[in-house]
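J.: For reference, the chains in residue letters:
Protein chains: 2
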Amino acid sequence: MSYVKDLARRAKAAAAQLAVKSSADRDKALVAMAEALIGRAGEILDANERDMERAREKGTAAGLLDRLALDGSRLKGMADALVDVAGQRDPIGEVVSGHTLPNGIGLRQVRVPLGVVGIIYEARPNVTADAAGLCLKTGNAVILRGGSLAHESNLALTRVLAEAAAEAGMPEFAIQSVESTDHAAAEELMGLHGLVDVLIPRGGAGLIRSVVEHSKVPVIETGNGNCHVYVHGSADPEMALSIAVNAKTQRPSVCNAAESLLVDESVYETVLPPILVALEAAGVELVGDEKTRALGAAGVALATEEDWATEYHDLKMSVKVVAGLDEAISHINTYSTNHSESIVACDYAAAQRFVVEVDSAAVYVNASTRFTDGGEFGLGAEIGISTQKLHARGPMGLVALTSTKFVLFGDGQIRG
Amino acid sequence: MSYVKDLARRAKAAAAQLAVKSSADRDKALVAMAEALIGRAGEILDANERDMERAREKGTAAGLLDRLALDGSRLKGMADALVDVAGQRDPIGEVVSGHTLPNGIGLRQVRVPLGVVGIIYEARPNVTADAAGLCLKTGNAVILRGGSLAHESNLALTRVLAEAAAEAGMPEFAIQSVESTDHAAAEELMGLHGLVDVLIPRGGAGLIRSVVEHSKVPVIETGNGNCHVYVHGSADPEMALSIAVNAKTQRPSVCNAAESLLVDESVYETVLPPILVALEAAGVELVGDEKTRALGAAGVALATEEDWATEYHDLKMSVKVVAGLDEAISHINTYSTNHSESIVACDYAAAQRFVVEVDSAAVYVNASTRFTDGGEFGLGAEIGISTQKLHARGPMGLVALTSTKFVLFGDGQIRG
Numbered sequence: 568m569s570y571v572k573d574l575a576r577r578a579k580a581a582a583a584q585l586a587v588k589s590s591a592d593r594d595k596a597l598v599a600m601a602e603a604l605i606g607r608a609g610e611i612l613d614a615n616e617r618d619m620e621r622a623r624e625k626g627t628a629a630g631l632l633d634r635l636a637l638d639g640s641r642l643k644g645m646a647d648a649l650v651d652v653a654g655q656r657d658p659i660g661e662v663v664s665g666h667t668l669p670n671g672i673g674l675r676q677v678r679v680p681l682g683v684v685g686i687i688y689e690a691r692p693n694v695t696a697d698a699a700g701l702c703l704k705t706g707n708a709v710i711l712r713g714g715s716l717a718h719e720s721n722l723a724l725t726r727v728l729a730e731a732a733a734e735a736g737m738p739e740f741a742i743q744s745v746e747s748t749d750h751a752a753a754e755e756l757m758g759l760h761g762l763v764d765v766l767i768p769r770g771g772a773g774l775i776r777s778v779v780e781h782s783k784v785p786v787i788e789t790g791n792g793n794c795h796v797y798v799h800g801s802a803d804p805e806m807a808l809s810i811a812v813n814a815k816t817q818r819p820s821v822c823n824a825a826e827s828l829l830v831d832e833s834v835y836e837t838v839l840p841p842i843l844v845a846l847e848a849a850g851v852e853l854v855g856d857e858k859t860r861a862l863g864a865a866g867v868a869l870a871t872e873e874d875w876a877t878e879y880h881d882l883k884m885s886v887k888v889v890a891g892l893d894e895a896i897s898h899i900n901t902y903s904t905n906h907s908e909s910i911v912a913c914d915y916a917a918a919q920r921f922v923v924e925v926d927s928a929a930v931y932v933n934a935s936t937r938f939t940d941g942g943e944f945g946l947g948a949e950i951g952i953s954t955q956k957l958h959a960r961g962p963m964g965l966v967a968l969t970s971t972k973f974v975l976f977g978d979g980q981i982r983g
Numbered sequence: 568m569s570y571v572k573d574l575a576r577r578a579k580a581a582a583a584q585l586a587v588k589s590s591a592d593r594d595k596a597l598v599a600m601a602e603a604l605i606g607r608a609g610e611i612l613d614a615n616e617r618d619m620e621r622a623r624e625k626g627t628a629a630g631l632l633d634r635l636a637l638d639g640s641r642l643k644g645m646a647d648a649l650v651d652v653a654g655q656r657d658p659i660g661e662v663v664s665g666h667t668l669p670n671g672i673g674l675r676q677v678r679v680p681l682g683v684v685g686i687i688y689e690a691r692p693n694v695t696a697d698a699a700g701l702c703l704k705t706g707n708a709v710i711l712r713g714g715s716l717a718h719e720s721n722l723a724l725t726r727v728l729a730e731a732a733a734e735a736g737m738p739e740f741a742i743q744s745v746e747s748t749d750h751a752a753a754e755e756l757m758g759l760h761g762l763v764d765v766l767i768p769r770g771g772a773g774l775i776r777s778v779v780e781h782s783k784v785p786v787i788e789t790g791n792g793n794c795h796v797y798v799h800g801s802a803d804p805e806m807a808l809s810i811a812v813n814a815k816t817q818r819p820s821v822c823n824a825a826e827s828l829l830v831d832e833s834v835y836e837t838v839l840p841p842i843l844v845a846l847e848a849a850g851v852e853l854v855g856d857e858k859t860r861a862l863g864a865a866g867v868a869l870a871t872e873e874d875w876a877t878e879y880h881d882l883k884m885s886v887k888v889v890a891g892l893d894e895a896i897s898h899i900n901t902y903s904t905n906h907s908e909s910i911v912a913c914d915y916a917a918a919q920r921f922v923v924e925v926d927s928a929a930v931y932v933n934a935s936t937r938f939t940d941g942g943e944f945g946l947g948a949e950i951g952i953s954t955q956k957l958h959a960r961g962p963m964g965l966v967a968l969t970s971t972k973f974v975l976f977g978d979g980q981i982r983g
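Listed in order, the protein sequences are those of chains A and B.
Residue 568 is where the first sequence starts when you use my numbering, and the numbers rise one by one after that.
Residue 568 is where the second sequence starts when you use my numbering, and the numbers rise one by one after that.
Some hints here could point you the wrong way.
A pair counts as met if it fits within one copy or between any two copies, since identical chains are not told apart.
What the hints assert, rightly or not - For lysine-lysine, the following BS3-like pairs were computed, each having C-alpha atoms within a straight-line distance of at most 27 Å:
hint: 1; residue 1: Lys572; residue 2: Lys625
hint: 2; residue 1: Lys858; residue 2: Lys588
hint: 3; residue 1: Lys572; residue 2: Lys588
hint: 4; residue 1: Lys783; residue 2: Lys579
hint: 5; residue 1: Lys858; residue 2: Lys883
hint: 6; residue 1: Lys572; residue 2: Lys783
hint: 7; residue 1: Lys579; residue 2: Lys595
hint: 8; residue 1: Lys572; residue 2: Lys858
hint: 9; residue 1: Lys643; residue 2: Lys595
Quick caveat, the hints were computed from the structure, so don't treat them as lab data.
This structure is a prediction, so every number in the text was calculated from the model and none was measured.
Looking at chain A on its own, in the form it has when it is part of the complex (with noise of 0.2 Å):
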């Protein structure tokens, strides 16, 4: 047996002990592994200098090596990470619906964990523990595959950490690291059908397309934010610029950071030079379409169909005036990934109009993209945002690892 399946076989039994645990032990397991990575930094911290090491030498950018690096403190969040969720409400064994059928039967709808969780993540370590602690909250056994340039650091964590589980009466198998770096070895747990229940994967677009394109597993899309902010003709021309710099410039780099700006004909020759002397001053590059670039503003670049659809992740931003509501909707709708958009304004119809037509995870009136985030949300911890509409969709907290079972207690009955 190939060396994936063989870990996906030890993941799904040890799947089957891990869902007779009880919440208590569970928790008492996350506490046990926060403090092995206090405990054991020393060798987190070593395996993760190597890491670093063979980065710089390979001449990696800035923005990756930072994101890469771990010392005592980004150990110490992650530790308290895995506080957190031990303290957060166990979804398992939740009765989600239940009645007694006409012959008698009760019926429940039970909470059960999915059984195997595949991660499939890029460069930054913490998703390793983050993922791990999700998984092992919710029941789930984990096979994490994170990326070559953290393997080292990777490898040390899950090994602190799955042991840090055992000694603490977890199944042996519970957590999992993928020991090769090689595509063969991803593209093989992505063909595991009936063995992983679910792939995560977690980075950027190519990352994403390749598991959906290449996975029997199914897949939970997430992150990709090409989120646009539109000012609509009744908007307050202040909020607008407030709510149009902080969705761009607040923290580019992240995926419900706003990447086009849309603004509304009958206003756009008042309402958008202020808010373009904004986003200058606060260093950002501009693209726009013919009557944004008459406007005058010096730096303005005329915006390509390519950019229209595209997640800058950094600080530049598309901007176009468009005829009104209906232009607004059916330009997201063309080329938004489905993550976060929000419309500025004063009229009530257009606000209702825009929540209703506008088929994204979420959409927001009168606020910054920005919120999009399972912390802000008040959902807890969360492991993803899904950009698709199967299983959960926005940002995903514990119940987006969960599944349901029907359990039906009888006393003989037979259907006639």
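Starting from the known structure of chain A, fit chain B onto it as the hints suggest.
T.: Below, chain B without anything else, positioned relative to chain A:
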């Protein structure tokens, strides 16, 4: 642009229009569709007769011919089902959860249509009307891709239903059939990630496996049922006999019929012989392990490894003597398709362990597996029975055809 992609683009545009139709308008259209099935019965039955003729010429088996055949009474049944669906509660617009964030933003999680639903199915033309009705009820555009045997029937049904819906004010392309039974057309449909939101295959194991393996669009796996009845040592022998016979013979061709019988070693010598006699009397062909065969029932052939994994869909059953609860659970979790399983037991602890540890969509104590059905479970109409864990599990009612969206009402909030 290719034909199938063009169809899907029209469906996506129709879905956007459908999403803003009121529940009352959609229900009126469902009633109009029901009336059209009766009013235009002639052209549907003519098309069906052409399918039947071709099928007879090809020497199609009697069972398949029966599933293909339409008559006035079957059309009436399809029309009645549409009227029933119109009368059900509309899940769209339901506020699933909601609260006010600390910063004052009002958050609502609202139930919305999935968008574009693709159904790939085999011989039975009633799926055409059922799926069209359930999708319209939930505000989804549907793309139907039926099997070649029922091709003319499906096209006639789609034409009649789509025209009636359009006359009742629904978008023109809300209900469409793929007018080609080429495998290439189905393959293309499976590749339309971003245009089609979900594919639901309904049919045999081969069809479902092919869709799961090839689709880039998210899939809900349905239907295959290698279901088990397990007779625990503490079982009431008469109840065990009654449930085993009912689960196997009451309607052997359907997915919730039992295929395999497990009996505890501690009681099999007394409990099993009368069950074997009753099954044989009901015309069931039996295969079994050595212990079962040694009981001396004349016609029990030796079960192979393949038998344990086979859904016979017929009056045939595999029988195995197990050491006890552990072996029963392990056997089921190894060979089952995770559809429906039942334990017959008087022992409380055994029953509790069975329902927790057996990893199937529906798990029964002391009742026949034949109850796994949307109607029996009180879910109303059913679009299929999911055997996967993502999105929906077990019988799927209207809610399985929906997603949710976060809607956030602010008054200028930006993230600090």
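J.: For the identical chains here, do Lys858 and Lys588 meet the 27 Å Cα criterion within one copy, between copies, both, or neither?
T.: Neither. Shortest intra-copy (62 Å) and inter-copy (35 Å) distances fail the 27 Å Cα cut-off.
J.: Cα distance capped at 27 Å. Does Lys579 pair with Lys595 within a copy, between copies, both, or neither?
T.: Within one copy only: 22 Å inside a chain, 48 Å across chains, cut-off 27 Å.
J.: Regarding Lys858 and Lys883, is the shortest C-alpha distance of 27 Å or less found within a copy, between copies, in both, or in neither?
T.: within (18 Å within a copy, 73 Å between copies)
J.: With 27 Å as the alpha-carbon cut-off, assign the pair Lys572 and Lys625 to within, between, both or neither.
T.: For Lys572 and Lys625, the Cα distance exceeds 27 Å both inside one copy (32 Å) and across copies (43 Å).
J.: I want to check one pair: Lys572 and Lys783. Are their C-alpha atoms no more than 27 Å apart within a copy, between two copies, both, or neither?
T.: both (14 Å within a copy, 22 Å between copies)
J.: Within a copy, between copies, both or neither: where do Lys643 and Lys595 come within 27 Å Cα-Cα?
T.: within (18 Å within a copy, 60 Å between copies)
J.: Reference check for the pair Lys572 and Lys588, CA-CA at most 27 Å: within, between, both, or neither?
T.: Answer is within; shortest intra-copy Cα gap is 25 Å, inter-copy 48 Å.
J.: Taking 27 Å as the upper bound on the Cα-Cα distance, should Lys783 and Lys579 be classified as within, between, both, or neither?
T.: Intra 17 Å, inter 25 Å, cutoff 27 Å: intra and inter.
J.: Please sort Lys572 with Lys858 into within, between, both or neither, judging by C-alpha distance up to 27 Å.
T.: Neither: 57 Å inside a chain and 33 Å across chains, both beyond 27 Å.
In terms of the numbered hints stated before, the structure departs from hints 1, 2 and 8, listed from lowest to highest.
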